[in-house]
Amino acid sequence: MAERLPPKQRTKIPRQEMPEQNAKQRAGNFEEVNQGFGFAIAEKEAQRCLECTDPKCMHGCPVGVQVREFVDLVLEGEYLQAAAKIREDNVLPAVTGRVCPQENQCEGACILSKRFSPLAIGHLERFVADYERSTGLVGLPERAPDTGKKVAIVGSGPAGLSCAGDLALRGHDVTVLEALHEIGGVLVYGIPEFRLPKDVVRGEVDNMRKMGVKFETNVVVGKTVTMDQLFDEEGYDAVFIATGAGLPKFMNLPGEHLGGVYSANEFLTRVNLMKAYDSDQSDSPIYECRDRNVAVMGGGNTAMDAVRSALRLGAKNAFIVYRRGQEEMPARKEEVHHAMDEGVQFLNLHNPVEFVGDDEGYLTGVKLQKMELGEPDESGRRRPVPIEGSEFEMPIDVAVIAIGTGANPLVQSTTPGLETNQWGYIVADEESLRTSRRGVFAGGDIVSGAATVILAMGAGRTAARSIHDYLVTGEW
Amino acid sequence: MFAIAEATFLAPDVKRFRIEAPRVARNRKAGQFVIVRVEAEHGERIPLTIADSDPEAGTITIIVQGVGKTTKMLNRLEAGDTLPDVVGPLGEPSDIQNFGTVVVVGGGVGTAIAYPTAVAMKQAGNRVLGIVGARTRELLILEEEMSATTDELHLMTDDGSYGQQGFVTQKLQQLIDEGEEIDHVLAIGPIPMMAAIADVTRPYDIKTVVSLNPIMVDGTGMCGGCRVTVGGVSKFACVDGPEFDAHEVDFKILSQRNKMYREREKRSLEEFEMAPQPELDRVHACHLQQEHPEVGPRVGGA
Ligand SMILES: Cc1cc2nc3c(=O)[nH]c(=O)nc-3n(C[C@H](O)[C@H](O)[C@H](O)COP(=O)(O)OP(=O)(O)OC[C@H]3O[C@@H](n4cnc5c(N)ncnc54)[C@H](O)[C@@H]3O)c2cc1C
Ligand SMILES: Cc1cc2nc3c(=O)[nH]c(=O)nc-3n(C[C@H](O)[C@H](O)[C@H](O)COP(=O)(O)OP(=O)(O)OC[C@H]3O[C@@H](n4cnc5c(N)ncnc54)[C@H](O)[C@@H]3O)c2cc1C
Ligand code: SF4
Ligand code: SF4
Ligand code: FES
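Residue numbers (this note's numbering), protein chains in the order written: chain A, 1 to 476; chain B, 1 to 302.
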């Protein structure tokens, strides 16, 4: 058990650094960049917490993880209990500890951030979850007696998984239906191995199996089985739609059809899910990046994941082309820094206007236009304005378009009576997550638009509560 | 796991499989396809048309031409083997109506893709004329099936070893020249064949539909890798197609995009053919070992 220091001394301890693979070395492999806290570092970091009576951190977390309490258990040396404490609000701590944009959430709200650096809550959360996994002793809560009610969860991303876990604990018979051949949604097809090892996700999925959740891959709801069939022929009592925002956006620029131009979804799916990074073994090819120039369009997490994957595939030059400034970049700060350290080149305030190719249809370059920042737009960020006559061509061999995603219409278009908004997202009541169809609930990115892992998980939990109420009362 | 109930060769390296996939069998319509993986660890996802289905038995039929590593690996499987992944039915069903006289043109394994739609066209009351072509006699498939569904069947071989000598386009042109009133054409085969058929029917303004075969990954509209240019706009073949108006399709872009990984595909096929056995074991072992754990991975003759 660690010593409790007086507050003054606590603030004197510097925020502990996350041990990382050296930048040069890691830019050449797909192993995880962050190596995780050891016991000593974790304890030292935990000592920095001021144990506030009104912990702001908890309010900053979208699902209200009891940060003060779990950090206290870390100081006690009770790591498994700390994990159980986090699990009361967050079923995927090993994932969120790694991928939450903490700077805008728990850590952004931490009182320490006013005058010092915030507590490294994400790193501690990850430490506790990894410890728990290494022992194999996950404190899975008791399952309530069987209710005899069947629930189908459509999509196995964080929203679907957290909803499935909560409903299973309440004693319902839960089946997750997933279109792809692996479980995890963006966690397995999008976010790369070097940021979120697939074993971490697999471990969490195995926990859910132990809780009685059933998984069926290769089921595209709307095609393999329709919503009506789920209710009428397969005997489900309720359905939760958590299909994410997986439709790739293109820019509709000339030359977008050229060989070597990818959506981020395709590039990352080939690299991660289809294991193209393991080119000796994998049968799914990725266009050659080795010793070539790769440009990724966009400034979000997806763009960072794509550009850093390109580096690891051996790119000679890997560029980010972003139409706003560094300050406006929506990606997690840590990822931007990691990308810079690894040698990614940032072309901020640049916008592509055309892809250029050769006679065979292969990409050879991109025409870029320089931008400057004008007045703030609806999002509060300063609007990028093109500078006339600033166009130039940059030679590239691979382009990845990572400018966002939209709602995949498959379920909506095959489910009569399911209300959607003007962008195709499913309309669900904010509190109950009920849709316009009786017995059908929806949450995560398919309702909110592309957001974050923790918000999707939060939606899954809310849905579980609401579905449980519906199944128990039968009232809609 | 999806069990293979039946597997028979129709021609050299063209094989027909009946696969247990009850949900797919129940919902599938003519023109739709499945995505299959043959090998669980590192396998590629490949699209294959559902040639037929039996909702009662819960099976679907696919007909596969071995052109590269995955299709050749698949064609080595037998009844009793399993596939780790079969997902579908994907894509939009064919537009089936009573058009009047419909010509169905199939080139090579394209005949297998066209066959289910030919059946549906016949059932919808059309007069169906079939033109089936292949390079040479032994590559011509589904003659019996096509002849049972069509009112008239024309067989064409490039080398004249069977049926009439010549290309399917020549036959179609001949039918038009002879005054046949054609209301609708469905053409499925290699890209140059489909492009040539589009050129034949364009001057006569005969509605012509082709089924496009771009490289796919997920088949659900998530990656955009299957995008094709139709009428100057980008479409995703897996959700908007795979059938499109032949007169609007940019075949040049399609054929360029399909060549994107040619070098890599060649290499992986060569490696596979040089050392086929261990690869195949990865596929075979799973079901063999499940049923007979004592057997261990297969060694020696296939
Ligand atoms: C590359 C990338 C990096 C990201 N990085 C971060 C990060 O660092 N931090 C963070 O907080 N967030 C990040 N995000 C965002 C985050 O991953 C998403 O907000 C979150 O995954 C949404 O969860 P979800 O459960 O709503 O949907 P998803 O994770 O998208 O899962 C939806 C699942 O539903 C399946 N599905 C779709 N249609 C059907 C159907 N008809 N039938 C059956 N199944 C279907 C899909 O195959 C998929 O598996 C990132 C996103 C991407 C793409
Ligand atoms: C909607 C659709 C339906 C199809 N139906 C059938 C069918 O019923 N029977 C059949 O035999 N084939 C069908 N195909 C083609 C089949 O998918 C490809 O032959 C297969 O993917 C090739 O994989 P491979 O690893 O064996 O060969 P590869 O080594 O990957 O490639 C060999 C050759 O096939 C082309 N090719 C590669 N990947 C694809 C792909 N995903 N789609 C199309 N061509 C590709 C390449 O350009 C190359 O010329 C269909 C394709 C589509 C898109
Ligand atoms: S779930 Fe995310 S936001 Fe909440 S405490 Fe953990 S890292 Fe912070
Ligand atoms: S706000 Fe910061 S210092 Fe206060 S309890 Fe939370 S983590 Fe600790
Ligand atoms: S195959 Fe991915 S969108 Fe069509």
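Treat the hints as calculated values from the structure; they're not laboratory data. Do not take every clue at face value.
Derived, one-sided and incomplete: chain A residues facing chain B with beta-carbon distance under 7 Å [what the hints assert, rightly or not]:
1) 34
2) 35
3) 175
4) 179
5) 181
6) 218
7) 246
Using 27 Å as the maximum straight-line C-alpha spacing, the simulated DSSO-like pairs for lysine-lysine come out as follows [as the list claims (entries may be wrong)]:
8) A:370 x A:316
9) B:122 x A:249
10) A:198 x A:370
11) B:252 x A:249
No residue lacks a Cβ here, since even glycine has one placed at the ideal position from N, Cα and C.
- 27 Å Cα cutoff - pair residue 252 (chain B), residue 249 (chain A): Holds, at about 24 Å.
- Any CB of chain B closer than 7 Å to the CB of residue 175 (chain A)? violated, 13 Å
- Query: Are the Cα atoms of residue 370 (chain A) and residue 316 (chain A) separated by 27 Å or less?
  - Reply: Given pair residue 370 (chain A), residue 316 (chain A) holds - Cα atoms ~23 Å apart, limit 27 Å.
- Given residue 179 (chain A) was flagged as interface, is its beta-carbon under 7 Å from a beta-carbon of chain B? Where the cut-off is 7 Å and the nearest Cβ of chain B is about 5 Å from residue 179 (chain A), the hint holds.
- Item | Restraint satisfaction for residue 246 (chain A) [CB to CB of chain B, less than 7 Å] | holds, 4 Å
- Message: Does residue 35 (chain A) hold up as a contact with chain B if the rule is Cβ-Cβ below 7 Å?
- Response: Constraint on residue 35 (chain A) not satisfied, violated at 27 Å.
- Message: Quick check on residue 181 (chain A) please, does its C-beta sit within 7 Å of some C-beta on chain B?
- Response: Residue 181 (chain A) check passes; min Cβ-Cβ to chain B is 4 Å, inside 7 Å.
- Interface hint outcome for residue 218 (chain A) [beta carbon to chain B under 7 Å]: Holds, about 4 Å.
- residue 34 (chain A) as chain B interface residue, shortest Cβ-Cβ below 7 Å: Cβ of residue 34 (chain A) sits 27 Å from chain B, so the hint is violated.
- 27 Å limit on alpha-carbon distance, applied to hinted pair residue 198 (chain A) and residue 370 (chain A): Distance of about 39 Å is beyond 27 Å: violated.
- Message: Can you confirm whether the C-alpha distance between residue 122 (chain B) and residue 249 (chain A) stays at or below 27 Å?
- Response: violated, 40 Å
Consistency note: the structure conflicts with the earlier hints numbered 1, 2, 3, 9 and 10.
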